[in-house]
Amino acid sequence: MKILDRVVQNKRNIILFLIGITIISSFSLFLIPNMSRGHDLAFHLSRISAIKDNLKLGIIGGFIYPNYLGDYGYGNPLFYPDLFLYIPAFLSFLGLSVITSYKIFLLVISFVSVLSMYICVEGINGNKKTAIISSIIYGFASYRLIDMFTRAALGETLAFAFAPLIIYGIYEIIYGNPKKYYVLVIGMSGLILSHLISTYLIGILLVIICLINIKRFFQEKKRIGYLCLAAGFTFLLTSFYLLPMIEQMLDGTFMFNSLDQTSKLLERSLPIWSIFIEFPSHILMENWIPTGLGLGFLFIIYYFVKKHKNLSSFTKTCFCLALIILLCSTNLFPWNLFQGILSPIQFPWRFYFVVILLLSIGSGLLFNESKIDLNKLFRPLFIIFLIPVLVVGILNFFEPNIKNVGDYEISFGEYMPVEANKGHILERGDVITSSNPLKHSFKRDELKLNINFTDNIGMNHLELPLLYYKGYKAILNGEVINAYKTSNGLVGIAIDNIDSGEVYVYYKGTKVQTISRLISFITSITLLLVGFIKKRGEVYEK
Numbered sequence: 001m002k003i004l005d006r007v008v009q010n011k012r013n014i015i016l017f018l019i020g021i022t023i024i025s026s027f028s029l030f031l032i033p034n035m036s037r038g039h040d041l042a043f044h045l046s047r048i049s050a051i052k053d054n055l056k057l058g059i060i061g062g063f064i065y066p067n068y069l070g071d072y073g074y075g076n077p078l079f080y081p082d083l084f085l086y087i088p089a090f091l092s093f094l095g096l097s098v099i100t101s102y103k104i105f106l107l108v109i110s111f112v113s114v115l116s117m118y119i120c121v122e123g124i125n126g127n128k129k130t131a132i133i134s135s136i137i138y139g140f141a142s143y144r145l146i147d148m149f150t151r152a153a154l155g156e157t158l159a160f161a162f163a164p165l166i167i168y169g170i171y172e173i174i175y176g177n178p179k180k181y182y183v184l185v186i187g188m189s190g191l192i193l194s195h196l197i198s199t200y201l202i203g204i205l206l207v208i209i210c211l212i213n214i215k216r217f218f219q220e221k222k223r224i225g226y227l228c229l230a231a232g233f234t235f236l237l238t239s240f241y242l243l244p245m246i247e248q249m250l251d252g253t254f255m256f257n258s259l260d261q262t263s264k265l266l267e268r269s270l271p272i273w274s275i276f277i278e279f280p281s282h283i284l285m286e287n288w289i290p291t292g293l294g295l296g297f298l299f300i301i302y303y304f305v306k307k308h309k310n311l312s313s314f315t316k317t318c319f320c321l322a323l324i325i326l327l328c329s330t331n332l333f334p335w336n337l338f339q340g341i342l343s344p345i346q347f348p349w350r351f352y353f354v355v356i357l358l359l360s361i362g363s364g365l366l367f368n369e370s371k372i373d374l375n376k377l378f379r380p381l382f383i384i385f386l387i388p389v390l391v392v393g394i395l396n397f398f399e400p401n402i403k404n405v406g407d408y409e410i411s412f413g414e415y416m417p418v419e420a421n422k423g424h425i426l427e428r429g430d431v432i433t434s435s436n437p438l439k440h441s442f443k444r445d446e447l448k449l450n451i452n453f454t455d456n457i458g459m460n461h462l463e464l465p466l467l468y469y470k471g472y473k474a475i476l477n478g479e480v481i482n483a484y485k486t487s488n489g490l491v492g493i494a495i496d497n498i499d500s501g502e503v504y505v506y507y508k509g510t511k512v513q514t515i516s517r518l519i520s521f522i523t524s525i526t527l528l529l530v531g532f533i534k535k536r537g538e539v540y541e542k
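Each residue of the sequence shown is one higher than the one before, starting from 1 at the first, in this note's numbering.
The hints are simulated quantities; they were obtained by calculation from the structure and are not laboratory data.
Given the structure is predicted, the values throughout are model-derived calculations rather than measurements.
Be a bit skeptical, because a hint or two may be false.
Unchecked claim - Using 20 Å as the maximum straight-line C-alpha spacing, the simulated SDA-like pairs for lysine to any residue come out as follows:
(1) Lys508 x Lys306
(2) Lys508 x Ser524
(3) Lys508 x Gly232
To be verified - Have a look at the derived ranges for each label pair, beta carbon to beta carbon:
(4) Lys439 x Phe30: 57 to 63 Å
(5) Leu527 x Pro437: 54 to 60 Å
(6) His308 x Leu266: 56 to 62 Å
(7) Ile3 x Lys306: 21 to 27 Å
(8) Asp496 x Asp40: 29 to 35 Å
(9) Ser487 x Ile246: 21 to 27 Å
(10) Pro344 x His308: 40 to 46 Å
All C-beta atoms in this analysis are idealised placements derived from N, C-alpha and C, irrespective of residue type, glycine included.
Assemble the whole structure, with the sequences as input and the hints as a guide.
Next up, the structure:
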């Protein structure tokens with residue numbers, strides 16, 4: 001019996017094979033004692049460590065990491081979703097090191113990524129063998145591995161786990177059974193809670209796919225209804241993250257949305273020669289550019305061109321969109337015309353994420369529709385896609401090795417109020433300053449300050465050692481007073497004409513945060529109950 005025939009013989013063999021793909025693609029995790037230093041690794045390890053610290057304090061779902069910036073606090077979770085980071089944080093809470101927990105998490109993400117690709121392709125064409133082929137291509141894709149190791153872009157790495165479900169979901173809504181809209185809900189919700197830039201890219205892709213199929217939507221208007229239903233449930237499920245973020249952005253300006261990235265897109269775009277090379281060109285160039293897609297994809301594109309006449313419209317759509325988007329990552333694309341709408345992606349080579357997604361799915365559909373002997377194709381395809389795995393894995397051994405987390409890392413401080421300055425905060429220290437002289441003392445418990453003051457004169461304002469985010473509450477002598485943002489982006493309070501007293505300041509949160517969590521919770525329970533009842537009904541009918 002051929003290898004591929006044996007793999008698809010039963011579910012157990014399929015799962016074991018996908019685990020094998022996961023282990024092979026991540027082999028350096030097992031061989032490197034600690035962790036090779038990726039570009040964003042310190043930032044993400046800090047996030048995991050911060051969640052672990054919150055768990056020790058009994059805080060689950062905190063909107064601010066309290067121990068950052070000399071205990072001033074940092075509202076990273078308000079803008080960068082950290083729901084899935086509770087997996088490695090909980091492992092670390094149980095006693096594993098943060099790095100070991102992170103490595104286990106990467107393995108879980110890799111497995112879910114190849115599994116979701118298998119579910120997608122097998123769901124679309126019903127062919128287990130082509131689904132396995134697509135999983136190999138997706139799991140071994142060089143850009144996914146570069147994201148995981150060289151860039152340590154954890155959010156985008158997580159996005160790979162949910163993206164195939166999105167394509168499967170939109171396929172069912174447009175071409176298949178629209179009642180499976182829940183697949184799109186799961187995929188989009190997972191993506192939103194993983195990485196917003198990837199969500200932006202996939203959002204553009206979905207709009208294009210829907211526009212291509214707009215005639216079908218008008219012919220079968222019920223499909224529009226299911227698409228709206230999927231969008232609505234996705235928003236409700238993720239509102240616990242989206243609404244508090246929007247609230248903060250409406251309340252003030254932060255570093256990340258005050259930076260102008262438009263002028264950098266053209267200089268960061270890729271030369272056409274770099275698209276398919278296996279070797280990371282950043283080693284030879286001053287500005288870092290990731291490795292190309294790999295020669296395996298060049299073979300697949302060649303095969304598509306050769307067989308395109310006999311393929312389904314959806315398969316052609318996958319390949320044509322992938323090729324167009326691939327060209328958009330290069331300096332051949334007129335970036336000066338589209339810089340405004342595409343500036344949020346920061347780096348043109350982020351398009352690789354979408355290209356690999358579409359080509360991996362398209363490959364399985366291509367091989368299924370062209371009736372190729374997959375047993376003959378299996379070994380050469382496996383070997384050619386193994387090359388980038390070896391290249392990226394071996395390069396990991398030459399990167400510096402990180403043994404511990406170190407100080408809490410905020411990268412460029414993207415989620416600080418634009419008025420704040422990291423250097424000023426660290427120099428200022430854990431002190432309270434006042435506009436007029438007075439005697440005071442305070443005790444700190446994470447983000448809670450208990451302040452006692454005497455000898456206050458006139459109109460006085462205190463600037464506290466807390467980074468400002470909407471949701472802080474202040475109580476002066478038993479009465480609620482306003483906690484506002486100072487010119488330095490810190491929490492300020494007014495104690496005008498009060499000679500002495502006690503002030504209690506803490507992060508209470510906002511009504512929007514409370515209501516949005518309730519909305520997401522009720523939506524989750526509702527969907528689970530509906531799914532359970534529907535499943536029971538199907539069993540009863542049988």
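Quick rundown of the hints versus the structure:
For the given pair, Lys508 sits about 62 Å from Lys306 by alpha-carbon distance, which is inconsistent with the 20 Å threshold. Under the criterion of a C-alpha separation no larger than 20 Å, the hint pairing Lys508 with Ser524 is inconsistent with the structure, at around 25 Å. At roughly 29 Å between alpha-carbon atoms, Lys508 and Gly232 are farther apart than 20 Å, so this suggested pair is violated. For Lys439 and Phe30, the hinted distance range of 57 to 63 Å is satisfied, since their beta carbons lie about 60 Å from each other.
Evaluation of the 54 to 60 Å hint for Leu527 and Pro437 yields a pass: the beta carbon distance comes to about 59 Å. One distance hint, 56 to 62 Å for the beta-carbon pair His308 and Leu266, is violated here, with the actual separation near 32 Å. Here the CB-CB span from Ile3 to Lys306 is close to 25 Å, well matched to the stated 21 to 27 Å. Take Asp496 and Asp40: their Cβ atoms lie about 45 Å apart, and the range 29 to 35 Å is violated.
Ser487 and Ile246 have their C-beta atoms about 25 Å apart, which keeps the hinted 21 to 27 Å range intact. Restraint check, Pro344 to His308: a C-beta distance of roughly 33 Å breaks the suggested window 40 to 46 Å.
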